[in-house]
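Novice: If you want the building blocks of each chain, they are given just below.
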Amino acid sequence: MSAETIQTRRDWLLSDRPASRMQARLGRAYVAWRRFSANRLAFVGLLIIIGLLVVAAFADVLAPYSPTIGDLKGSRLLAPSAAHWFGTDDLGRDIYSRIIYGSRWTLYVVILVAVIAAPIGLLVGTVAGYAGGWTDAILMRITDIFLAFPKLILALAFVAALGPGIENAVLAIAITSWPPYARIARAETLTVRNSDYIKAVQLMGASPFRIVLRHIMPLCISSLIIRVTLDMAGIILTAAGLGFLGLGAQPPLPEWGAMIASGRRFVLDQWWVAGAPGFAILIVSLGFNLLGDGLRDALDPRSGDQ
Amino acid sequence: MSAAENQVAARRGSARAVTVLSAIGRFLVIAITTYLGLLAVTFFIGRVIPIDPVLAVLGDRAPANVVERTRREMGLDLPLIEQFYIYVKGALNGNFGTSVLTTNPVMTDIRRAFPATIELATLGTLIGSVIGVPLGVLAAVRRGSLIDQIVRIIGLIGYSVPIFWLGLLGLVLFYAKLQWVAFPARLDVVYEYTFTPITGFYLLDAAMQGQWDVFYDAFRHIILPASLLGYFSLAYISRMTRSFMLNELSQEYIVAARAKGLSERRIIWAHALRNAAVPMVTVIALSYAGLLEGSVLTETVFSWPGIGLYITNSLQNADMNAVLGGTIVIGSVFIAINLLSDLLYRVLDPRTKAG
Amino acid sequence: MSGTLLEVDDLRVNFPTRTGLVQAVRGVSFSLGRERLGIVGESGSGKSQTGRAIMGLTPPQAEVTAKKLAFDGIDLLAAPARQRRALRGKRIAMILQDPKYSLDPVMSIGRQIVETLRTHEKVGKAEARDRALAMLEAVQIRDPARVFDLHPHEVSGGMGQRAMIAMMLIAGPEMMIADEPTSALDVTVQLDVLGILDKLVSERGMGLIFISHDLRLVSSFCDRVIVMYAGKVVEQLKASELRDAQHPYTRGLLNCMPRIGFERHPLPVLDRKPEWAA
Numbered sequence: 001m002s003a004e005t006i007q008t009r010r011d012w013l014l015s016d017r018p019a020s021r022m023q024a025r026l027g028r029a030y031v032a033w034r035r036f037s038a039n040r041l042a043f044v045g046l047l048i049i050i051g052l053l054v055v056a057a058f059a060d061v062l063a064p065y066s067p068t069i070g071d072l073k074g075s076r077l078l079a080p081s082a083a084h085w086f087g088t089d090d091l092g093r094d095i096y097s098r099i100i101y102g103s104r105w106t107l108y109v110v111i112l113v114a115v116i117a118a119p120i121g122l123l124v125g126t127v128a129g130y131a132g133g134w135t136d137a138i139l140m141r142i143t144d145i146f147l148a149f150p151k152l153i154l155a156l157a158f159v160a161a162l163g164p165g166i167e168n169a170v171l172a173i174a175i176t177s178w179p180p181y182a183r184i185a186r187a188e189t190l191t192v193r194n195s196d197y198i199k200a201v202q203l204m205g206a207s208p209f210r211i212v213l214r215h216i217m218p219l220c221i222s223s224l225i226i227r228v229t230l231d232m233a234g235i236i237l238t239a240a241g242l243g244f245l246g247l248g249a250q251p252p253l254p255e256w257g258a259m260i261a262s263g264r265r266f267v268l269d270q271w272w273v274a275g276a277p278g279f280a281i282l283i284v285s286l287g288f289n290l291l292g293d294g295l296r297d298a299l300d301p302r303s304g305d306q
Numbered sequence: 001m002s003a004a005e006n007q008v009a010a011r012r013g014s015a016r017a018v019t020v021l022s023a024i025g026r027f028l029v030i031a032i033t034t035y036l037g038l039l040a041v042t043f044f045i046g047r048v049i050p051i052d053p054v055l056a057v058l059g060d061r062a063p064a065n066v067v068e069r070t071r072r073e074m075g076l077d078l079p080l081i082e083q084f085y086i087y088v089k090g091a092l093n094g095n096f097g098t099s100v101l102t103t104n105p106v107m108t109d110i111r112r113a114f115p116a117t118i119e120l121a122t123l124g125t126l127i128g129s130v131i132g133v134p135l136g137v138l139a140a141v142r143r144g145s146l147i148d149q150i151v152r153i154i155g156l157i158g159y160s161v162p163i164f165w166l167g168l169l170g171l172v173l174f175y176a177k178l179q180w181v182a183f184p185a186r187l188d189v190v191y192e193y194t195f196t197p198i199t200g201f202y203l204l205d206a207a208m209q210g211q212w213d214v215f216y217d218a219f220r221h222i223i224l225p226a227s228l229l230g231y232f233s234l235a236y237i238s239r240m241t242r243s244f245m246l247n248e249l250s251q252e253y254i255v256a257a258r259a260k261g262l263s264e265r266r267i268i269w270a271h272a273l274r275n276a277a278v279p280m281v282t283v284i285a286l287s288y289a290g291l292l293e294g295s296v297l298t299e300t301v302f303s304w305p306g307i308g309l310y311i312t313n314s315l316q317n318a319d320m321n322a323v324l325g326g327t328i329v330i331g332s333v334f335i336a337i338n339l340l341s342d343l344l345y346r347v348l349d350p351r352t353k354a355g
Numbered sequence: 001m002s003g004t005l006l007e008v009d010d011l012r013v014n015f016p017t018r019t020g021l022v023q024a025v026r027g028v029s030f031s032l033g034r035e036r037l038g039i040v041g042e043s044g045s046g047k048s049q050t051g052r053a054i055m056g057l058t059p060p061q062a063e064v065t066a067k068k069l070a071f072d073g074i075d076l077l078a079a080p081a082r083q084r085r086a087l088r089g090k091r092i093a094m095i096l097q098d099p100k101y102s103l104d105p106v107m108s109i110g111r112q113i114v115e116t117l118r119t120h121e122k123v124g125k126a127e128a129r130d131r132a133l134a135m136l137e138a139v140q141i142r143d144p145a146r147v148f149d150l151h152p153h154e155v156s157g158g159m160g161q162r163a164m165i166a167m168m169l170i171a172g173p174e175m176m177i178a179d180e181p182t183s184a185l186d187v188t189v190q191l192d193v194l195g196i197l198d199k200l201v202s203e204r205g206m207g208l209i210f211i212s213h214d215l216r217l218v219s220s221f222c223d224r225v226i227v228m229y230a231g232k233v234v235e236q237l238k239a240s241e242l243r244d245a246q247h248p249y250t251r252g253l254l255n256c257m258p259r260i261g262f263e264r265h266p267l268p269v270l271d272r273k274p275e276w277a278a
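So the sequence lines, in the order shown, correspond to chains Z, Y and G.
Numbering-wise, the first sequence is residues 1 to 306 according to full-length UniProt numbering.
Numbering-wise, the second sequence is residues 1 to 355 according to full-length UniProt numbering.
Numbering-wise, the third sequence is residues 1 to 278 according to full-length UniProt numbering.
So that you can see chain Z by itself, here it is in the shape it has in the complex (with noise of 0.2 Å):
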């Protein structure tokens, strides 16, 4: 009884015919489902980054110590043990603590290079497919000489400007990652802007503003998404690469690249400090290519062998 009306759910989700749209769209998003979740690897990356979230969301549970106050007298450079399981750094701190706590700051970074960085993209874009000409000349060329920078090395002279610290390395990550985007939304808006239908909306008088906006922002989205995703692990990267330099995240926080630079100094002997944050940092960026690879290949049949 069960069975059957399970097999017929998924007969109604992957019918040649649906007959209404939002059983058309279910039946694309089970059909990408099932070709996602049959690709194990990017199950793999997606339950990494779900773990991401939970860790950063309970880190207060948790994490049995504080990630700045540690014991200086009895704790300093303590190898790995039941008590600490990752040891302790220079200060006394529980380095498990801190890596949990790290998470946050992660998640931080990625997040707001994503919501600073690709709106940008997708601005420039989409007026540049959309409007032709001139305009999209002079954006397409402004876009390359950005896309033919080397991005850490202009980060980095970015952040010497604006001074250290995790924010103004966030905006130095998004001021040299936007280019992709703009790429992508252009090329999308293009494939479009002839179509019928923003004939019939320009014909009903719609001004190109509202057209870009709610008519071809919309279908840039979701390879946007891919696409950042994608850039994740590389964001992550970057940002741990200013921390190590010292031009991110500042002391006491507890950021991972800014964690492996200061347990630098004792790698050669106490090579626990500087290890466990970067393997935090290995398996999150690896999750975030896992899961990027995944959706591309999920929702773009195109790629789908590569």
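One thing to keep in mind: the hints can contain errors.
Derived coverage of chain G by chain Y (criterion: at least 3 residues anywhere in the stretch with Cβ under 8 Å from a Cβ of chain Y; other residues may be distant) [stated by the list, open to error]: (1) 82-88; (2) 104-118; (3) 123-129.
From chain Z, some residues computed to sit far from chain Y (all C-beta separations above 10 Å) [said to hold, decoys possible]: (4) I145; (5) M217; (6) A233.
By construction, these hints were calculated from the structure, which means they are not laboratory data.
Just so it is clear, the structure is predicted and the values come from calculations on it, not from any experiment.
Just so you know, even glycine gets a beta-carbon here, dropped at the ideal spot from N, CA and C.
For chain Z, the structure is supplied; the task is to place chains Y and G on it using the hints.
Specialist: Frame of chain Z; chains Y and G shown alone:
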């Protein structure tokens, strides 16, 4: 040949000349605007963002008359556009001002550090290509097999691992524990007085002068950071090779080659890879540019006296002239490689020659 | 039996996919002597997969089975990969549809022809070049020495397909599978290429399997015709007796051919009944 034919031939010739000219013109426009863009951004970073660039140069303890004089010397009383013009002219002449830290002209410092960075990035790309290309080919040919999965994981980790962290772990393992490699530096102190570099590429210089003990020492110093950079380039190169090879292997000419009775070996290496080689050159060039950039973090970890270390040392001392000079030099090389790889693609592909 | 080159009995080609088994070829049987056999069908009828299965060029995930698949007494399905490879190009050759895609774009035409020859025969470089030039002349290329050094993108489609024929015939195969050899060419060039193919096949006494969707072309060019539908042979008959075809699908294909002097309104639509595929 009739008059009409002559005319057609002439028109075709001139049409080709026009396309070549317009291609060169396009290339020049792109190159010039990109460089101007780089200079505009560094100008913006150096002169516009800081509230007072004079303080950024002199520090806040300079006496008032010195501040005033420096302001005039830097041309800060001029309109912004004029300042930019002077800035571009200076940059084109390789004049990036004086480093506060070393008191040398920035260009002198950079010239000294540049070969170290190039040597490191070149060896890294070499390692990455020599291992990465065969790995990518193998993964594509045995698609879905264990080898393919392993290559994929190696690549994904390469995309996900913080380079400076891997460098530190490498030092712990190969230098401290196993003692396979030398301590972080470019050469042992012992050799600093007995060895005179010629080109600045130590491996090359030592080999040319027959100083094999120096060569061995230089090798022991460079191998770990170069392997590290090589791993990153390998991750990228193997992934792209796999993707290009899969694309080529699905083409009809591969079916035809099989129908001719060729061995799989010949089909893969003489046909598929030969076709994939054209885009591969671009990929390797881009990976080389990426390593130049990645050298900032690697050089810091390995105390490698290249431009990357120069930039980070200057950062720590708020030496903006040096930071921006280094940024412009690495940026310029990066852009040049980007542009050249594009050009190289056109030259290498026989299909684009016919025009 | 000495006249029989190829025997096919109950050939099946299956592709396992995530959504189930796709049966591309479902029990095809025929035999071929030193004659011209046409295989006709719409796209997706399994005619190309039949040809590729005989060559051993189906994709690795495909499952090929048959009660019998023998070339000159050699059991092809039981033959080791090495032996099948030695047969390909040497004794069985294949011409593909579009020379734009089926010639290696970065290798000169001459080298591609020489490559076939030197794979199967121990020949010196100079002799291989001479024989390749002679072969180019045999496919009626006027200036063989010049074409020898050209790359595929530098020649026309007709010239490319002649080069393809030269490349496949240089080792002297006894049997040839031509998979839509003229479909990608201009109509004016099609006849030239067919003429060359015709001449070479009869001069050398080869067996030919001519795969096409074009019933008229096949019937004028071949001795016998097999009509395939949905992976099965629905009818097998002599080309000269095509007008007497029994099966409604074949009749449908025939009716779709325009004839001069007949009113063609409305255009006939090809009938497809599921029971033919059963």
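Novice: With reference to the structure, classify each hint as holding or not holding.
Specialist: So, going through the hints one by one against the coordinates:
By the rule of at least three residues with a Cβ nearer than 8 Å to a Cβ of chain Y, the coverage given for the segment 82-88 of chain G holds, with 4 such residues. Here the segment 104-118 of chain G counts 6 residues with a CB under 8 Å from a CB of chain Y, which clears the bar of 3, and the coverage holds. Figure legend: the segment 123-129 of chain G, annotated as covered by chain Y; annotation inconsistent (0 residues with Cβ-Cβ distances under 8 Å, at least 3 required). Non-interface call for Z/I145 relative to chain Y: violated, since the shortest CB-CB distance, roughly 4 Å, does not exceed 10 Å.
The Cβ of Z/M217 sits about 27 Å from the closest Cβ of chain Y, beyond the 10 Å cut-off, so the non-interface label holds. With a minimum CB-CB distance of about 5 Å to chain Y, Z/A233 fails to clear the 10 Å threshold, and the non-interface call is violated.
Going down the numbered hints, you'll see the structure goes against 3, 4 and 6, while the others check out.
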